[in-house]
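**Student:** Here are the chains, one letter per residue:
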Amino acid sequence: MATVGQLQKQFVDFSTSLYREFIQLQKLQDESNPDFVFEVVSLFFEDSEKLLNNLAIALQQQVVDFKQVDAHVHQFKGSSSSIGAHRVKNMCVAFRNFCEEKNLDGCLRCLQQINHEYCLVKNKLENVFRLERQILEAGGTIPLIA
Amino acid sequence: MSKNGVFSRLRRLEKVEGVDEYEYANPSCDSDEVHVLAVDDSLVDRKVIEKLLKITSCKVTAVDSGRRALQFLGLDEEETASVGFDDLKVDLIITDYCMPGMTGYELLKKIKGSSIFREIPVVIMSSENVLARIDSCLEEGAEDFIVKPVKLADVKRLKRCMFGEGRIPKQERAFNKRKLQQDSPEITNAPSLDENALSSPSHSSTSSPCSPRSFSSLPSTPCSPTSLDSPTRRVKVSDDS
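Going down the list, the protein sequences come from chains V and F.
Count the first sequence with my numbering and you get residues 1 to 146, in order.
Count the second sequence with my numbering and you get residues 1 to 241, in order.
If you're looking for bench data, these hints aren't it; they were derived computationally from the structure.
Just so it is clear, CB atoms sit at the ideal spot from N, CA and C, and this is done for glycine as well.
One or more of the hints may lead you astray.
Below, in silico cross-link-like pairs of lysine-lysine (DSSO-like), each with a Cα-Cα straight-line distance of 27 Å or less [stated by the list, open to error]:
| # | chain 1 | residue 1 | chain 2 | residue 2 |
| --- | --- | --- | --- | --- |
| 1 | V | LYS50 | V | LYS67 |
| 2 | V | LYS67 | F | LYS89 |
| 3 | V | LYS102 | V | LYS50 |
| 4 | V | LYS9 | V | LYS122 |
| 5 | V | LYS122 | V | LYS50 |
| 6 | V | LYS122 | F | LYS110 |
Distance windows between CB atoms, simulated [claimed, not checked]:
| # | chain 1 | residue 1 | chain 2 | residue 2 | range |
| --- | --- | --- | --- | --- | --- |
| 7 | F | GLU119 | V | ASN53 | 23 to 33 Å |
| 8 | V | ASN127 | F | GLY113 | 47 to 57 Å |
| 9 | F | ASN129 | V | LYS67 | 20 to 30 Å |
| 10 | F | ASN129 | V | ASP35 | 26 to 36 Å |
Start from the sequences, fold in the hints, and give me the full structure.
**Tutor:** Structure below.
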């Protein structure tokens, strides 16, 4: 059973590895909206899963509409950037290049990669929330992240 | 101000999809509060911009498309507003650039092309830092162009610059903008461009946003310090710095 100190350290490690944007989001949370970060992240999960699904479908078409694919990737790039999911965002940049070249293989590979990166970041974010809960339940305080 | 007019319009809008409304239920109090219309098709970004605006004590109406923004304003497809401008009292419009259907740029043009609404400052947000895009938006009359992700410092500076510590009456606002344009017609009045263009990770904001300066020059006069790098977890922030 991890101590509060260990939980807090893990919390800080996960949070800081999610880049500035996530930390900025945490700073926006206050008593009037204590679940703000959780709500934003939940929206992100919902949005992302829809986008990933749409991407898979779009790339499976007989005639692929690369403009549409690009539009989805652009959206994904935006939301992942707002959350601080930089690896996902960077994959989106590469993905858009393949869209421009109408390179289906490249796109499919990117989609696979993005799915993977998204799973990683989702896992990380879920860990952050789990740790927050555990810290509070153990009577500890959530560490401040500079 | 026709409060009844506002409420009935709101009721109608509540039934319309894609409109999230925050703290607009009491137009009678806080009539000095800045009311911002935020337009963004991204769920995540909409939620974040709403929060940023609320933290800076703005009233927020968030919509998911340019079309809904025009509907809210009463501009719709026709150029004539069905509800008086004063009733809705939108003080600022902040819109995403890339949106399906109507882009932020097209929305900007529609607003600036309206005799009733063109005095409302419009700020464009974009995840892409494209000079040509920035230029064309500013030429079309945008007050500012912010590169996403939008930070609290950006919103605070916008509000302070456009509305001061209290509200600036409409005539003065327009005067300030005209004055800026007169002083340096070729200079862009887009104070946030530099820091975002440089992709600087640090936010010791040093711009003096209301003074005209060229796009490529670095800002010199400090604005008020951002609290973004404060290590303390934010409790309630009011725009009093």
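**Student:** May I ask which of the numbered hints given earlier this structure violates, with the numbers listed in increasing order?
**Tutor:** Per hint list: 2, 6, 7 violated.
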